[in-house]
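Protein sequence lines, in the order shown, are assigned to chains A and B. Heads up, the first sequence is in the numbering used here, so the first residue is 1 and it goes up one at a time. Heads up, the second sequence is in the numbering used here, so the first residue is 1 and it goes up one at a time.
Hints are supplied without guarantee of correctness; some may be wrong.
Distance condition first, Cα-Cα at most 25 Å in a straight line; then the derived BS3-like pairs of lysine-lysine [to be verified]:
#	chain 1	residue 1	chain 2	residue 2
1	B	Lys9	A	Lys2
2	B	Lys22	A	Lys42
3	B	Lys22	B	Lys53
4	B	Lys19	B	Lys53
5	B	Lys41	B	Lys9
6	B	Lys38	A	Lys42
7	A	Lys42	B	Lys19
8	A	Lys56	A	Lys67
9	B	Lys40	A	Lys2
10	B	Lys19	A	Lys56
11	B	Lys53	B	Lys41
12	A	Lys2	B	Lys22
13	B	Lys53	A	Lys42
14	B	Lys36	A	Lys42
15	A	Lys2	B	Lys19
16	B	Lys9	B	Lys36
17	B	Lys40	A	Lys42
If you are wondering where the hints come from, they were derived from the structure by calculation, not from laboratory data. Keep in mind the model is a prediction, meaning the values are calculated, not measured.
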Amino acid sequence: QKEVEQNSGPLSVPEGAIASLNCTYSDRGSQSFFWYRQYSGKSPELIMSIYSNGDKEDGRFTAQLNKASQYVSLLIRDSQPSDSATYLCAVIPGGGSYIPTFGRGTSLIVHP
Amino acid sequence: DTEVTQTPKHLVMGMTNKKSLKCEQHMGHRAMYWYKQKAKKPPELMFVYSYEKLSINESVPSRFSPECPNSSLLNLHLHALQPEDSALYLCASSQNQGVQPQHFGDGTRLSIL
């Protein structure tokens, strides 16, 4: 069973702080890693993709991948109340089916 | 608004009804997916179409019947659903069934009476 683990939270941070969301995965052959943001009652929205070790920055978002330790994280700088949502980590495992495994999501609350 | 369009946005149906959910994308993607999502759970894969052929059926009950008329359209035909089938149904597409990310539509909120 290929697993993706996330702390369900909620993670509560004050406005303007850095929110750090973490995800671990079990399949060492995993190839692609994605972060989705999902507001309550809405559909998942892709916010970051990362494929190789290191950091990838896009605006206030930074994704970090460490394949040796099998974790991927998402940093949100200058957090805003509008960032309050559930963040889903998705990992495409090895094996050839190319179907992403989703974590259960971390609920983020940014309070003013 | 997303580039994957789903209709209807909301659907209420009785257990004896037949209805269809529709999904359309014009990004030239060749893989399309149906997911079911319950509250506070991650999306759960139902079906995958790759180049208009059914690639994966995750042991979904036969009361759900997918159809891919062409590379831009994906339907999900519903018949004799159960109350536990009430959920958010999400369509997604990706460039192909590979390492690229999936892009989701806004979903159809389905309620079974």
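Run the distance test for Lys22 (chain B) versus Lys42 (chain A): straight-line Cα separation, threshold 25 Å. holds (17 Å)
Against the 25 Å threshold, does the CA-CA distance of Lys53 (chain B) and Lys41 (chain B) hold or violate the hint? Cα-Cα ~28 Å, so violated.
Quick one, are Lys2 (chain A) and Lys22 (chain B) close enough, alpha carbons at most 25 Å? violated (31 Å)
Decide if the proposed pair is consistent with the structure: Lys9 (chain B) and Lys2 (chain A), CA atoms, cutoff 25 Å inclusive. violated (32 Å)
Are the Cα atoms of Lys40 (chain B) and Lys42 (chain A) separated by 25 Å or less? With a Cα-Cα distance of about 12 Å, the restraint between Lys40 (chain B) and Lys42 (chain A) holds, given a limit of 25 Å.
Starting from Lys9 (chain B), check that the Cα of Lys36 (chain B) is at most 25 Å away, please. Holds: Lys9 (chain B) and Lys36 (chain B) sit about 14 Å apart, inside 25 Å.
Given the hinted pair Lys40 (chain B) and Lys2 (chain A), is their alpha-carbon gap at most 25 Å? holds (20 Å)
Satisfaction of hint between Lys67 (chain A) and Lys56 (chain A), Cα-Cα up to 25 Å: holds (14 Å)
If you draw a straight line from the CA of Lys42 (chain A) to the CA of Lys19 (chain B), is it 25 Å or shorter? Between Lys42 (chain A) and Lys19 (chain B) the Cα gap is close to 22 Å, so the pair holds against 25 Å.
Given hint Lys19 (chain B) paired with Lys2 (chain A) - CA-CA distance at most 25 Å: violated (34 Å)
Taking 25 Å as the top limit, are the C-alpha atoms of Lys41 (chain B) and Lys9 (chain B) close enough? Cα-Cα ~20 Å, so holds.
Starting from Lys36 (chain B), check that the Cα of Lys42 (chain A) is at most 25 Å away, please. Holds, at roughly 13 Å.
Consistency note: the structure conflicts with the earlier hints numbered 1, 10, 11, 12, 13, 15.
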